[in-house]
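Asks: The hints should help you fit chains B, C and D onto chain A, whose structure is shown.
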Amino acid sequence: MTTNVALMPAVDTPPESNRSRVDASLGMALFIGSWAMAFATMFLAFLVLRQRQEVWPPQGVALPSFAMAALATVVLLASSVTMHRAVVLGARGERGFARWWSATLALALGFAAIQSWLWVDLWGNGRLPHSGVYESTFYGLTWFHALHVAVGLIALIVGLIGIARTRYGAQHMNVPRNIGVFWHFVDVVWVVLFVTFFVF
Amino acid sequence: MIKATLALFAATAFATLPSGAANEEEDKSALLPPVHGVSPDNPHSRPPRDVPLVIFEDTQLLAADADDGHDEEDDYAPILFERLQAQFPDRFTWNEDEEHWVDARGEYTWDDENECYWQTVTAERLTRGRQDYVQLCASCHGFDGDGYGRSGQALRPPPRDFRQGLFKFTKVDSEKLPEDDALVQLVQEGLNGTPMLPWDIHENRIRDIVVYIKSLSLPELLDEDGEIEEDATGWRDPYGQIGVMVAADDDPWAGRETEAIAAGEAYYHNYQCYNCHPGYATTARMNELGGKDPSYTYRDGITLPKVVEDSSYEVLGYAVSIIPPDFTWHSMRRGETVADVYKTIAAGVGGAGMPTWKGSVPDEEIWAISYYVRHLTDTYKDKSATRMQFMRDVKAGH
Amino acid sequence: MSPFPSTRSSPETRSSTRHGAGRPVSRWRLAGKLTALLAVALLPLACGDTRIHPNPSASTFGHRHDELFMLITALTGVSFLIVLAMMAVPIIRDRARPGKKAHYDHGSSLHDKRFTAIVSVVVFIVLDAWVLFVSVTDLREAWWNYPPADSEEAYRVEVLAQQWAWNFRTPGIDGEFGTADDVVTINQLTVPADRPIVLNAASKDVIHSFFVPDMRIKRDANPGSVNRVWFQTKPEAAGNDYQILCAELCGFAHYQMYANLTVLSQDDFADWEQDASALAVASFDADDTEAHWAWDFKE
Amino acid sequence: MSHDGIHPEPTSFLRKHVFSVDHKVIAKQFMWFGLVWLLIGGLMAMMIRWQLANPGEPFPVLGKLLWPHTEGVISPDVYNMLFSMHGTIMIFLGLTPLLIGAWGNYCIPLMIGARDMIFPTLNMLSFWTVVAGGAVGFYSLFVPLGALEAGWTGYPPLSSTVGTQGSGETLWAVAVFLIGASSIMGGINYITTIVRLRAPGMTWGRMPLTVWGLFFTAVLNVLFLPVIGSAMLLLILDRVFGTQFYVAATFSSGGGGDPILYQHLFWIFGHPEVYILILPAWGIVGDLLSFYARKPAFGYRVTVGAMFAVTVLSALVYGHHMFTTGLSAMLGESFMLLTMIISVPGEILFFNWLHTIWKGSLRMTTAMCFSLGVIFVFGLGGLTGLYLATISTDIFLHDTYFVVGHFHLTMAASALFGAFAGLYHWMPKMFGRFLDERLGLLHFWTTIVPLTIVFCTMFVSGYAGMPRRYADPTSAPYVAELQGLNTITSIAAFILGAAQLLFAYNFIKSRWWGKKCTEDNPWQVGTLEWTIPSPAPHYNFKEIPTVVTGPHEFSHPALGPDRDWISQTEPLPGTSPEPSSPAAPGAPVTA
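Protein chains in written order, with this note's numbering: chain A, 291 to 490; chain B, -5 to 392; chain C, 843 to 1141; chain D, 14 to 604.
Simulated from the structure, these hints should not be mistaken for laboratory data. Just so it is clear, CB atoms sit at the ideal spot from N, CA and C, and this is done for glycine as well. Hints may contain errors.
Lysine-lysine pairs mimicking PhoX-like chemistry, simulated, CA-CA at most 20 Å apart [to be verified]:
(1) D:K372 / C:K943
(2) B:K389 / B:K377
(3) B:K375 / B:K300
(4) B:K352 / B:K170
(5) C:K942 / D:K529
(6) B:K170 / B:K300
(7) D:K372 / C:K955
(8) D:K37 / D:K555
(9) D:K529 / D:K37
Now the stretches of chain D that chain C is said to cover, found in silico as 3 or more residues with beta-carbon under 8 Å [unchecked claim]:
(10) 173 to 184
(11) 304 to 310
(12) 349 to 355
(13) 549 to 560
(14) 570 to 580
What follows is a list of derived Cβ distance ranges for each label pair [said to hold, decoys possible]:
(15) A:R455 / D:W45: 35 to 43 Å
(16) C:H905 / D:P490: 18 to 26 Å
(17) B:L216 / D:P490: 36 to 44 Å
(18) A:A319 / D:T134: 13 to 21 Å
(19) D:P73 / B:A117: 29 to 37 Å
(20) D:P586 / A:R311: 36 to 44 Å
(21) B:N269 / D:P490: 49 to 57 Å
(22) B:E101 / D:W45: 45 to 53 Å
(23) D:Y518 / C:A916: 40 to 48 Å
(24) A:M358 / B:D44: 25 to 33 Å
Just chain A, with the same shape it has in the complex (with noise of 0.2 Å):
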């Protein structure tokens, strides 16, 4: 029995059905919900070095620029907002859609810069990933982090090219719409870390 290549359907670039909807996002979903398991060890581990000093941050260690983490937070925050904003007009096809992703790639942009004023603070201050525990969860926990960012900006990148391009739209929604779905993923995972490292 040999195949007849004829059989298949094409591969163009048929709208998307709803199942495909469907299959991406449970993907999508089970992907995240991965990815947050390799958070929330992270965290644990934070959490567990956290509890074994005496007090938190260890006696003399001096917190990063509070101000500069919230400030960060909230572009964050923005950027899921635009986010949001650009897959909801993309899936009714309008044209705001590429106007409120690269909204948020700016905004994205504007948190990597600030991310990188925090690293460049504390290491101009002596202070690097072996100084201590605290310096060695922080940079441990805010790369890790980066690296999604970075990943997220990539694929904000190439999600604005393929806007440029119209190859996503009202019908090709679910290359955006999980890019999107990351990037909430990725701001969630923020707030968290502002939380645990900041606030409390």
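Replies: Relative to the frame of chain A, chains B, C and D by itself:
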């Protein structure tokens, strides 16, 4: 099902809550409390990071301390080259005019100025030695060979600082540098009662390690004016002398062990070993053995070893104290047999108060003392009742 | 000729319904050969003087381990025999043969489920709950029944593990850690017989595990925290030496990291402690603060 | 992404055999990958056993090539590396690819009636990620100071820079991270495929047990591989950047970390990992016992429920690996109870398996023998777990050879037997050729007998107090007294190793020159993969089948004398086919 499980879990958690002494809560008090007397900038606490594993440059180590083959009796060069020739025939030739050996492979070279031979050790071999050193030795002796390894802290006696080129229990004249075979044997046999284990690896690897350890000796350091700030140590020092292990093949007391022990007791107390080690006889008997006046008295605590400070060997900036062994109590580092004890006494213990006895005391007498010391260990060590009886009598007699 | 002639149908007949219906021609020959193989493998055991059991327990509660071990062996042994029997019966009785048809049963009836549930409960009670009960009792009465903090009788030891040696510090005559008469030894621990010995284990570098097989105890020595463990030797252990092993991989010379445990009768021990403390005082170097490691004993 | 699992058959060699997105090709790639690593890991096991039986003797033949500097003698550091990498390789690069990669990829789409995995590209990525992980792991064997030497568990501080220098350990952590990422990708794919791509009528209750096993495994993979991934990242940070996650402050060092934290993280993953490996094997065994006993699987729903219970409980029992680390008494006792509870579903599985073959009509093929072998070895291994779940016996037995025997029987031998059973069963569908049954049976007997001797002797030496991971068991006097047991174990292990060469020969020979399978359904079973030609064609199903029956309908009383099975696409005698499910996936291929 999950609910039921969790309920069961919760139920047992409460049911099994132990009370009082059985409760082992993992609270903060379980953490290691601060330990007295340790400064935070302790060299033992350096984080083991960026440890180099590869050595890129060949190095030169002192191979033999002379020279023209007919000078002094205890030159190491004739011994070394005789061995090397046996191992590699046709490789070494004797240069009649300049009176030194020539190595066809160029590994051993004659230094005319300092009248010594240098051995060129390849970077490849040093790298092998370095990597084995890192795995086996560095935990105590430190990644830089300075004796400040993480596991070496608070160890007494402290792990050797290899940069100084000072070794104990090599069975080589304590004034001299030990030959390779002596160090190899030490690594293979280990030192009793210390974490220096009898390292159970192939001899090729031990020889690599030994060469690497020799290369840790400090070369001379020059200050800004080109003056010598610090002398070269160990195998970097062209004036160093290399010694061979003491031979112990002609036991004069063979077959007369009881006599030897009796004689040894006399010699032991005669040569005033009790100045550092304990005395093992009553005052009266010691006077009798040493031919002293009956009114002669001895140091306080004669039945205990006397701690001496080793000023040649410092740890954390102060001289460490050395406890001469009480042979009825401590294990001897390398004294499994009478011959081993003889070698150690004859050679002395470098860097400790134990001098080289060979030459200053007749061999026969060193042998007798060895018999006596070994007898003390065999009879009393770890035999608490016998020892208690013996020492009580001795103590009562002071 | 192959020593293992085919017992099964060849692939040619695979598609027929008579599949696998061949008679077991050479099973016994096969079994014979395998028995011979087994005998060869077991030969060293028969010839050698290999120990195949732990030495008799030298601690007051070690026999609890041995007894529970044997209880579990009996329980699981019977269970395994039942499994084997339930496997053997169908293998022998219910082979496929022409015309034979399997019993059609999904095992999904309420009756089957009830039966499964009952068997599960019975197995849980007989195997697990019983063992659990015995074990928890043993733990509370023995392993976790530490002597009280103010116990005069208890003998306390601080164990500091390192690559690759055991450092022991005992408080000496004054009973306090961190004083001049502390007895510090390497790879040698001397304890009194028939007195509770409480040990605090910690480590300088990596994780080690303090394992005294003859006392049936084991506890990890972790860097950064202190673990407790205790035992009490039987009176008749006095005068014997036992071994302390490291049970947690700790690097290159893990296998060489063993120490000696000497048990002395209480009288001998009192003498020993006198002398050891005197020696410790004599060799105490007040300047050498680094050598004065000790921690507040964790009761 | 193809949403109905259909993509045209590639024509170039590269797309067809190397970077293929076809689940069957990927399954074969995983299989070869796993088998090669099993060979390497097995060779390491032989070296380990050689060293234990003849400490200090040069390893024959290969020794002089591998370690010329020591004239073929296995040094303690090399020994540590061997058993550490043996564990890592067998678990992550041998069994995981074989059981989950190969059987998961091969069986899931075929058994649920799909044309491919739902995310074929992700599937391909999953394979190439594990290859990258394997490459990194293999490379680590050749860096200065060698590969991982801290045991497969890699406990810090021994695995941090405090205990080991060099890049071997770091590369190991990278490799485990990559392999974990691969498993997560696979897991996401499996779950989504099983949820979304079941053929019409393939209800959850009609899925073969193999698929159920793989499904639960996928769930565990997705949930717990990220945990080890993060733990490894922290270890890498510790080693490369000097952070202090796992480096505790002791009085001779700084650091505010906690080495026990790693043990918690590791075993939160590590215990489910045991079930990750064993669940597919359980699934395969559950199916094959029914297939070859020609009898419906006994208590299908209960079996699935038991597997589900194991999946849930697997994450709650991990503390039994840490009874001696200093867990509080309360935690210890709780973990002991939970561990004992997890034995109940295990016991139910046994109950159902044994009832499945009871009053059956057993066809003693090699696949059946290996399935029965799983009952035997898992019985031995599972029951000995009771000693280790019980704290007062575990205190003595922890980190002794008893543990080694136990986990080899439960995790290694059972999983491997499951994989072998599957291979003998699905070989005709996979390659269109049968494995030689005569050699197969010989392989079975020469495997199970020495295997039992090997691991039961380990029980004895563990009971007698021999600790694990001793490079020279004759060094410590207490352990040296047990040397005879080591010799027995080693002799049996060498026979076991040689028997696997028999399998390698059989597999290679049968793969290319074996007896051809000319029919669709040589074993006469009802699951969907046997309704299509052998080997399975590129698109699997010409037409997506409609399922009307469960997977284990054998020996129905209404069937005639010539036939004792019903395909899943055929209605049971005396019933009318159900209407197909409305959630029909993909358009059927029309001729």
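Asks: Determine for every hint whether it applies to the structure shown.
Replies: Going down the list of hints, with the structure as the test:
1. D:K372 / C:K943: At roughly 9 Å apart (the allowed maximum being 20 Å), C:K943 and D:K372 satisfy the hint.
2. B:K389 / B:K377: This hinted pair holds, its Cα atoms lying about 18 Å apart.
3. B:K375 / B:K300: With a Cα-Cα distance of about 19 Å, the restraint between B:K375 and B:K300 holds, given a limit of 20 Å.
4. B:K352 / B:K170: holds (13 Å)
5. C:K942 / D:K529: Violated - the C-alpha atoms of D:K529 and C:K942 are around 28 Å apart, more than 20 Å.
6. B:K170 / B:K300: violated (26 Å)
7. D:K372 / C:K955: holds (18 Å)
8. D:K37 / D:K555: It holds: about 16 Å lies between the C-alpha atoms, which stays within 20 Å.
9. D:K529 / D:K37: Answer holds: D:K529 to D:K37 is near 19 Å, not above 20 Å.
10. 173 to 184: holds (count 3)
11. 304 to 310: holds (count 6)
12. 349 to 355: holds (count 4)
13. 549 to 560: violated (count 0)
14. 570 to 580: It holds, with 5 qualifying residues against the three required.
15. A:R455 / D:W45: 35 to 43 Å: About 40 Å separates the Cβ atoms of A:R455 and D:W45, which means 35 to 43 Å holds.
16. C:H905 / D:P490: 18 to 26 Å: holds (23 Å)
17. B:L216 / D:P490: 36 to 44 Å: violated (54 Å)
18. A:A319 / D:T134: 13 to 21 Å: holds (19 Å)
19. D:P73 / B:A117: 29 to 37 Å: At roughly 33 Å between Cβ atoms, B:A117 and D:P73 fall inside 29 to 37 Å, so the hint holds.
20. D:P586 / A:R311: 36 to 44 Å: holds (41 Å)
21. B:N269 / D:P490: 49 to 57 Å: violated (38 Å)
22. B:E101 / D:W45: 45 to 53 Å: About 49 Å separates the Cβ atoms of B:E101 and D:W45, which means 45 to 53 Å holds.
23. D:Y518 / C:A916: 40 to 48 Å: Hint holds: Cβ distance 43 Å, inside 40 to 48 Å.
24. A:M358 / B:D44: 25 to 33 Å: Holds, since A:M358 and B:D44 (Cβ atoms, about 31 Å apart) stay within the stated range.
Hints 5, 6, 13, 17 and 21 from the earlier list are contradicted by this structure; the remaining hints agree with it.
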